[in-house]
Each structure stands twice: as C-alpha cells, then as structure tokens.
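Its first residue numbered 569, the sequence shown is counted upward by one per residue in my numbering.
Simulated from the structure, these hints should not be mistaken for lab results.
Be aware that one or more of the hints could be misleading.
Under the rule of at most 25 Å between Cα atoms (straight-line distance), these lysine to any residue pairs were calculated in the SDA-like manner [stated by the list, open to error]:
1. Lys789 x Thr693
2. Lys749 x Ala763
3. Lys688 x Pro624
What follows is a set of in silico ranges between Cβ atoms, one per label pair, in the way DEER data are often shown [as the list claims (entries may be wrong)]:
4. Thr702 x Gly960: 23 to 31 Å
5. Thr715 x Asn1022: 15 to 23 Å
6. Ala832 x Gly960: 39 to 47 Å
7. Arg661 x Asp751: 30 to 38 Å
8. Ala761 x Ser797: 32 to 40 Å
9. Tyr770 x Ala708: 29 to 37 Å
Here a beta-carbon is modelled for each residue, glycine too, at the ideal position from N, C-alpha and C.
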Amino acid sequence: MLRRRSVWLIAVAVGAFVGALGVFGASASPPATADATAVTQWNLIAVSTLTGVPGPGLPGPAGGAPPASQINMGMVQGAVYDAVNAITPKHHRPYLLNRRFGNTASDEAAVATAAYLVLKNIVETVPQSIASFTPAMRAAMLASLATQYNAAKDAIPNSPFKRMGIDAGTAAAQAMIDARKDDGRFGPSQFMANANPGYFDYVAPNGATMLDPTPWVGGVKPFLMQSSSQFRSAGPLALNSPAYTAEFNEVKALGGDGVVTPSARIPSQTYIAKWWQSNPVASWNDVARQLIARNHLDAADSARLLAMQNLAAADAAINTWNDKYYFSFWRPFQAIRRAGEPLEGNPDTSPDPNWTPLISAPYPDHVSGHLGQDGSHTGVLRMFFGDAPAGGYQITSASTFLSASDPKTRTFSSFNQALDEVLEARIWAGLHFRTADVQARRLGTNVANFAAANYFQPVGNH
569 MLRRRSVWLI
579 AVAVGAFVGA
589 LGVFGASASP
599 PATADATAVT
609 QWNLIAVSTL
619 TGVPGPGLPG
629 PAGGAPPASQ
639 INMGMVQGAV
649 YDAVNAITPK
659 HHRPYLLNRR
669 FGNTASDEAA
679 VATAAYLVLK
689 NIVETVPQSI
699 ASFTPAMRAA
709 MLASLATQYN
719 AAKDAIPNSP
729 FKRMGIDAGT
739 AAAQAMIDAR
749 KDDGRFGPSQ
759 FMANANPGYF
769 DYVAPNGATM
779 LDPTPWVGGV
789 KPFLMQSSSQ
799 FRSAGPLALN
809 SPAYTAEFNE
819 VKALGGDGVV
829 TPSARIPSQT
839 YIAKWWQSNP
849 VASWNDVARQ
859 LIARNHLDAA
869 DSARLLAMQN
879 LAAADAAINT
889 WNDKYYFSFW
899 RPFQAIRRAG
909 EPLEGNPDTS
919 PDPNWTPLIS
929 APYPDHVSGH
939 LGQDGSHTGV
949 LRMFFGDAPA
959 GGYQITSAST
969 FLSASDPKTR
979 TFSSFNQALD
989 EVLEARIWAG
999 LHFRTADVQA
1009 RRLGTNVANF
1019 AAANYFQPVG
1029 NH
C-alpha cells in the first residue's frame, strides 16, 4: 500500500522554509492505512471534549475556556503527530518522541491511542477543587472517551501491526504527559490589581464582578517558544496620545450595546460581532479538517498540519494572556466610563458613566486573545494551502449571542478576509481598542512563523 505525500513550499517571515512533505513510499503492511480518517476523527473528538463544540465539554474554569482549551489541543495534536511520525518511513523531526517504530504499524491504532491517553490525562488531572466540574461530569466524560477509544480499537483487526500502533501511540502520549507535568496549568492568577486609570479591574458593565476563568494561562510553559513572553507586543497606546483618542472615540461610537448605549453600528456589523464570539479552537480545527479532506492529505501530513496549527496557537494563547496581565490595560467600557479623570491626562476624551458594550469579557484588553489564536491558526493553514484555498472554506459559529434565526454558517474565500473581519468585529462588539487587535494578529502570525522555521522539518531524503 502506498503512503501518499504532498509537497509544498512554506514561506515564513523569518526566511524561506521548504517543507518537503515527502514522496511515495511503500508499506509492507496491508492492515495499515495512510489516509487521514483517524487523524481527523480524533481531532473532532478532542475539540468536542475540550471545547464543548459540538456537545458537552469541559467547563470554562476546568480548561474549557478558549485559551486553556487551545493549550489542551496542543497537547493532543502534538502527541498524535509524534505517534504517526514515529511509524512514517519519510518522516519529520519529532516534537518529543525520539523513538522509531515499524512503518508497518497501524496508523489508526497509533492515532487513537495517542489522542485517547492524552485526553484521558487532561480530564483526570483537572483539580478536584473546581466545583463546576463535578465528579459525575468527570466520570461521564472519561466513560465517553473510553467508549470511543474501544470502538476505534475494535474496528482494527488484531495483528502485530495493531499492537505496534498502540505501542507507538502510548509512547507518544506518555512523552507528552511527562513533558507537561507541572507546566503551570491551573497555577496562580497573573492578575495584579491597580486602581489607576488605564488599568483593568474585575468590575463588569452591569455592576457585578466578572472573573477570568483561566487567569493562569500566561504563566504556562510554552510548547515551542523560548519563553511565555517571547513575542511580547509593543503595548497599548499612551492615554494622552492622539492615536488613543481616535481609537477611544471609534469604539465608543460603534461598540455600545444599542440598548443602554446608542451605537452607530449597522445591523450587519452587530450580527458579525456576535457571530465571531465563538471558540477559535473549534472554528479553525474545523477549517483544517475541511481542507485536509478536500486536498486528500494523508495521515502523516494531516497530523503534521494539526500539530503545527495547534501547538503554535497554544503558544499564541500563552503569549497573549501573558501580555494581558503584563500590561493589564483597561477595557473600552472602563476607559469610557472613567474618561476625564485627572490621572488619565487626556482632555480630548469625554466620559459616559453608563456606557455598556455589546459584549464584555473578564480579562484585560491588550492584546486580543481571539486575534492571537486566529493569527497563529491561519498562519499555519496559509503555509499549507495558500491564503485563498480553492473553493474557500466554511465556519459555523457556536456563539450563544446569536438568535435562532441568525445564519450560523458562513463561507470565506481567504484567511486574510476572515482576519480582517474579526479585527473589526471585536471593535464593533465593544471588546477591544483597535491596537489590541492589530498587535494580537501580528503576534499570532509571528508564533506560526517561528514554529515553521524551528520545528517539524523533514528528516532524510524527502
């Protein structure tokens, strides 16, 4: 049976990186398959388990919030990549697993085992102190994962090839679990209170207290970067600068909720702002699965794509959350309500003590976590498929802000089109100043470029 491999050019900002993704190679194992079915099936299982899209998943404080779920996805896809890479004749540099298994091993067994064992570990190690993740929920999730894994194993005929695949998946999962032990997940909050103008506080627009469900993300050990702040952004604008005044007035005019606060936003902008309030982990992994199927990527190339995409996005999540609490810059609703205070130092901003955003979020403004993840996901996808994949791609939003009659699925022609739109959507939602979006998009792209330039290079004669 032949293992099909694709060849394409990866262009990165730090230089030309040619990822020769391989050539035809023969496997002596009739039971082993090289298509991407197992890789994409377990990617979907992981997304559902970790984000709840679709179906029940980890609660926000238990790791289901977007930045934390992205870290968990990085773990799963990194292990799947190592498992498949360990049994691929023309392979790439491993992420963690420096061990080779027979190339006649079952791809399906390797993928299912690696994904299942990492997912099982993630669920098992959520601290018992997190009340929103009850023992019954944990038990049900573990039982569901076990059922899916057993079904995957039972579908593979018993043979030495199946056993080798399970061994490869087990080794890859254990390497990931060992590497991520005591990595900072569920560690201390990065927040430090500061009552001065320009600093975020945990008071919501409606007067209630909001809390970041995962304030520890910025302190997690990165997967690829050298530090959790390697791609530190330039930072928010000075409060007394003309540029800040312009951004202040922009979000003040456009970002109100339209009920308590009038808004110049038009209905289509309101819809788009709500539509993008969805977990980017679910959105961009779905896009990857679409393009994998359309382009007939095999198991090795698919595992490599999903590992690059999710490990880069995990590091972008870490770096953006590190930035958030490093700068601790106030949200627009706080800035607009407190404008004109003496220490703000800007005579050109005027306050509105009742200004209420369309959507609010319980963590600092700078930089945008959504755009950071979007930038890294699309940065990797662009390397594999170009900016405008033939036929475009679809995203289905799971935003809870949409009404029942709002269209959930939309089609995009390019990755830049989507990034341009989400950048504006965060302003229309009243969530961010423009600078937070622009710098986050650049940060995410920089992480993707760094991943491609320093990891996953081909080994041997590709």
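How the hints compare with the structure:
1. Lys789 x Thr693: With Cα atoms ~17 Å apart, lysine 789 and threonine 693 stay inside 25 Å; holds.
2. Lys749 x Ala763: Outside the cut-off at roughly 36 Å; violated.
3. Lys688 x Pro624: Distance ~15 Å between lysine 688 and proline 624 Cα, so the pair holds.
4. Thr702 x Gly960: 23 to 31 Å: 42 Å, violated
5. Thr715 x Asn1022: 15 to 23 Å: Between threonine 715 and asparagine 1022, where Cβ atoms are some 38 Å apart, the hint is violated.
6. Ala832 x Gly960: 39 to 47 Å: 30 Å, violated
7. Arg661 x Asp751: 30 to 38 Å: 21 Å, violated
8. Ala761 x Ser797: 32 to 40 Å: Because 21 Å falls outside the window, the suggested range is violated.
9. Tyr770 x Ala708: 29 to 37 Å: 32 Å, holds
Hint compliance for this structure: hints 2, 4, 5, 6, 7 and 8 are not met, and every other hint is.
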